[in-house]
Structure formats: structure tokens, C-alpha cells
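Peer 1: Here the protein sequences come in this chain order: A and B. Position 87, counted from 1, in the first sequence is what my numbering calls 87; the numbers after and before it change by one each time, with no gaps. Position in the second sequence (first residue = 1) + 1000 = my numbering.
It is worth saying that the hints were derived from the structure and are not from the lab. Treat each hint with caution, since some may be false.
As the list claims (entries may be wrong) - Listed next, the in silico BS3-like pairs over lysine-lysine satisfying Cα-Cα at most 30 Å (straight line):
#, chain 1, residue 1, chain 2, residue 2
1, A, Lys70, A, Lys56
2, B, Lys1017, B, Lys1069
3, B, Lys1018, B, Lys1057
4, B, Lys1017, B, Lys1065
5, B, Lys1017, B, Lys1071
6, B, Lys1017, A, Lys70
7, A, Lys99, B, Lys1057
8, A, Lys70, A, Lys59
9, A, Lys70, B, Lys1057
10, A, Lys99, A, Lys70
11, A, Lys109, A, Lys56
12, B, Lys1057, B, Lys1069
13, A, Lys57, A, Lys70
14, A, Lys56, A, Lys99
15, B, Lys1069, A, Lys59
16, B, Lys1071, B, Lys1018
17, B, Lys1018, A, Lys99
18, A, Lys99, B, Lys1071
19, B, Lys1018, A, Lys70
20, B, Lys1057, B, Lys1017
21, A, Lys109, A, Lys57
What the hints assert, rightly or not - Covered stretches of chain B (chain A as the covering partner; in silico rule of three or more C-beta atoms under 8 Å from a C-beta of chain A):
#, stretch
22, 1037 to 1045
23, 1079 to 1090
Don't be surprised by glycine CBs; every beta carbon is placed ideally from N, CA and C.
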Amino acid sequence: TQLLEQSPQFLSIQEGENLTVYCNSSSVFSSLQWYRQEPGEGPVLLVTVVTGGEVKKLKRLTFQFGDARKDSSLHITAAQPGDTGLYLCAVLGGSGTYKYIFGTGTRLKVLA
Amino acid sequence: EAQVTQNPRYLITVTGKKLTVTCSQNMNHEYMSWYRQDPGLGLRQIYYSMNVEVTDKGDVPEGYKVSRKEKRNFPLILESPSPNQTSLYFCASSRTGAGNTIYFGEGSWLTVV
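One chain only, chain A, in its complex shape (with noise of 0.2 Å):
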């Protein structure tokens, strides 16, 4: 089974701060996704990114899909309490399967 690694795997850090979280694997992949769970939900959605090299940016996030389609990155500004929260990658197994493959998470913490 691939895997996807997040880094770091815990972070607790004030408001006002700016973060990155890492999400990578060995395999390529043709799309990477980014959830962001909430205590007692399930995860929604933040973004999907698709060619190499793509930055996306929502709001105070921006999203970057490595050049090789291995490894990915989320960066906040200005991290504010309300993006508390696990932050998880995702991505189709490959290889013909239809198998999504969820990273190990990373815990935000954004103190007031």
C-alpha cells in the first residue's frame, strides 16, 4: 500500500503565526486533495490540485502540488484559531484502483 506521509504530525502554535504542513510519497499521483476535519465531523473538502507545480490559494491557505506530482504543501498566514483542526491529503490509489488513500494527518492547534 503507498503511503502518505504528513509532517509535522502535531502543531500548536499562537494566532497570528504562519505554518507549513508537508504531505509526501514515493508515487505519483494525477490529482492530490486536502481535507480539514473538525472535532466530531467528518472531513470537508479544501482543495483538489492536478498538474505539477500548481499553487492554489484560499484565502489565508495556499496549496502547491510538487513539480513531480509526488508531494505537496499547505502554507497559512496569519493562522487563526478557527483553522483548528486535523488537515489530511488524499489521493487515488493508482495503478487502475479506485482505492483513496488518506495521509496520517496533521494536527493544528491555533491558540488565541
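The hints should help you fit chain B onto chain A, whose structure is shown.
Peer 2: Chain B alone, transformed into the frame defined by chain A:
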């Protein structure tokens, strides 16, 4: 409102007592799947279904069964639950399996004692 509904949300059961977690979506999605979420292991796919009567194993199918007799429903069956199946379970759906947005249910907390 577009949603994925799963029941029960919370369940404590005993080892060996068969149980079914229901899942229903109202978006006419072809693709449905089940996941379990465990601390340190993330979200792992149990089974998925590309359409009615088409199901396939995910990464952790052992101990689970599914069926897809209707497009909107995708129940998860634990024939003989064991304590290692204690977990948070999510049902999800998407328009197709090809990288579309996945919509998740609110989760079902299952404890097997």
C-alpha cells in the same frame, strides 16, 4: 441539503454480536465508501463501491462486509465484531471515483467490548 447520513452515530456492542451501520446519500453519487479512523493510523478505506452491485476492497476489509443494492445506500456489516474493530467509522460518497470531492457523513463511534 446534500448530505451523507449514517446510523447509528454511537454504539457499544459485545464481541460476536452482528451489527450493521447504515449509510445513505441524497446526491445521486455513483461512488461510495467506508473508512475507519484510528489514532496514529489516520483514515483508512475499508470498502468502496463504484456503482450498484459493484464493490471492492479497500486497505482494511478484514472483518467487514458491504452491499450496494441501491445507489443511495451502502451499509457496512460487521458479522462478528471484535474489540479491534472499535473505531470511528465514516461513510462517504462522491460523484465518481475519479478524484471528485468526497462528502463524508458525521461518523459513527463504535465500541466493541
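Peer 1: Decide, hint by hint, whether the structure agrees.
Peer 2: How the hints compare with the structure:
no.	hint	result
1	Lys70(A) x Lys56(A)	holds, 17 Å
2	Lys1017(B) x Lys1069(B)	holds, 23 Å
3	Lys1018(B) x Lys1057(B)	holds, 20 Å
4	Lys1017(B) x Lys1065(B)	holds, 14 Å
5	Lys1017(B) x Lys1071(B)	holds, 27 Å
6	Lys1017(B) x Lys70(A)	violated, 43 Å
7	Lys99(A) x Lys1057(B)	holds, 8 Å
8	Lys70(A) x Lys59(A)	holds, 25 Å
9	Lys70(A) x Lys1057(B)	holds, 24 Å
10	Lys99(A) x Lys70(A)	holds, 17 Å
11	Lys109(A) x Lys56(A)	holds, 23 Å
12	Lys1057(B) x Lys1069(B)	holds, 17 Å
13	Lys57(A) x Lys70(A)	holds, 19 Å
14	Lys56(A) x Lys99(A)	holds, 25 Å
15	Lys1069(B) x Lys59(A)	violated, 42 Å
16	Lys1071(B) x Lys1018(B)	holds, 24 Å
17	Lys1018(B) x Lys99(A)	holds, 26 Å
18	Lys99(A) x Lys1071(B)	holds, 19 Å
19	Lys1018(B) x Lys70(A)	violated, 41 Å
20	Lys1057(B) x Lys1017(B)	holds, 23 Å
21	Lys109(A) x Lys57(A)	holds, 21 Å
22	1037 to 1045	holds (count 6)
23	1079 to 1090	violated (count 1)
Hint check: violations occur at hints 6, 15, 19, 23; the rest are consistent with the structure.
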